[in-house]
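Chains D and P supply the protein sequences, listed in that same order. Just so we're on the same page, the working numbering is the position in the first sequence counted from 1, plus 2. Just so we're on the same page, the working numbering is the position in the second sequence counted from 1, plus 2.
Read the hints as simulated data drawn from the structure, not as lab findings. Honestly, I wouldn't trust all of these hints.
Identical copies carry no separate label here, and so any pair may be met within one copy or between two of them.
Said to hold, decoys possible - Using 25 Å as the maximum straight-line C-alpha spacing, the simulated BS3-like pairs for lysine-lysine come out as follows:
1. K78 / K11
2. K74 / K26
3. K26 / K36
4. K111 / K38
5. K44 / K11
6. K74 / K36
7. K36 / K111
8. K44 / K111
9. K36 / K78
10. K15 / K78
11. K111 / K15
12. K111 / K87
Protein chains: 2
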Amino acid sequence: MIYSSELIKGTLKTIILKLLADNKRMYGYEITQKVKELTSEKIQITEGALYPTLHALEDSGLVTTETEYIGKRVRKYYSLSADGKTKAREKVSELSDFMETMKFLLDLKPQGI
Amino acid sequence: MIYSSELIKGTLKTIILKLLADNKRMYGYEITQKVKELTSEKIQITEGALYPTLHALEDSGLVTTETEYIGKRVRKYYSLSADGKTKAREKVSELSDFMETMKFLLDLKPQGI
DNA sequence: AATAATACATAACATTCTTATGCATTATAC
DNA sequence: GTATAATGCATAAGAATGTTATGTATTATT
Numbered sequence: 003m004i005y006s007s008e009l010i011k012g013t014l015k016t017i018i019l020k021l022l023a024d025n026k027r028m029y030g031y032e033i034t035q036k037v038k039e040l041t042s043e044k045i046q047i048t049e050g051a052l053y054p055t056l057h058a059l060e061d062s063g064l065v066t067t068e069t070e071y072i073g074k075r076v077r078k079y080y081s082l083s084a085d086g087k088t089k090a091r092e093k094v095s096e097l098s099d100f101m102e103t104m105k106f107l108l109d110l111k112p113q114g115i
Numbered sequence: 003m004i005y006s007s008e009l010i011k012g013t014l015k016t017i018i019l020k021l022l023a024d025n026k027r028m029y030g031y032e033i034t035q036k037v038k039e040l041t042s043e044k045i046q047i048t049e050g051a052l053y054p055t056l057h058a059l060e061d062s063g064l065v066t067t068e069t070e071y072i073g074k075r076v077r078k079y080y081s082l083s084a085d086g087k088t089k090a091r092e093k094v095s096e097l098s099d100f101m102e103t104m105k106f107l108l109d110l111k112p113q114g115i
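My request is simple: use the sequences and hints to build the entire structure.
In structure tokens:
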């Protein structure tokens, strides 16, 4: 089962920042594969979502990049900047809090029925 | 603290379906207040998001409506249809599952650092 | 030799939320 | 008593962000 795409909206940036916080540096394709692996294929990040998000993180100074060649094939590695590390902590914390709230909402028992 | 709006994206329909599953019938304004109350004001549903969503649920046959007058003021009550009840269970279940997955992702310990 | 996987990128389109606006009734505070 | 806040609905322009499709190229596998 793959989660409906709408569910992933709004969490993508946080997922990426969290992975980069844990792994020092990663390249785009690697991120998609890591997320797929860690979630038993339930979250599949599409390239059309991934690359614009990475570029936005770069534009806002949260990540820095290094380009490397593996043979003739290019790889662009992303790493968190100092700001990015702070932002990663904030976003992860916010999402954890949000999930606690949602868990509470979803576990509510039926009321005036 | 109010959650960043992007976080709520994708969960709004599920929240509404869950509330309707628990409460037999509710009207729009009541839903916004209930969510605000249950989440200690951390989730505030705006009218511009709420009403289009309710209308979409109605158009897809997941809810039925009854209009009532309180004095001269109109209220539109929403109730789950049979399909809506099924859908509510599905969406709540999917979101619970998704949150477990996200919790796992966010709780991961740093790796190759 | 053909196909799949790796690896980047962008663009048209769709969806969905924000922000603003509009209208109207009822309760509250000054 | 009247101005403001709260209640209650609705829609529309614009922004944000994801989907789907496309493009290019290298390397591994069948």
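Looking back at the numbered hints, which does the structure fail to meet, lowest number first? Checked against the structure, no hint fails, so every one of them is satisfied.
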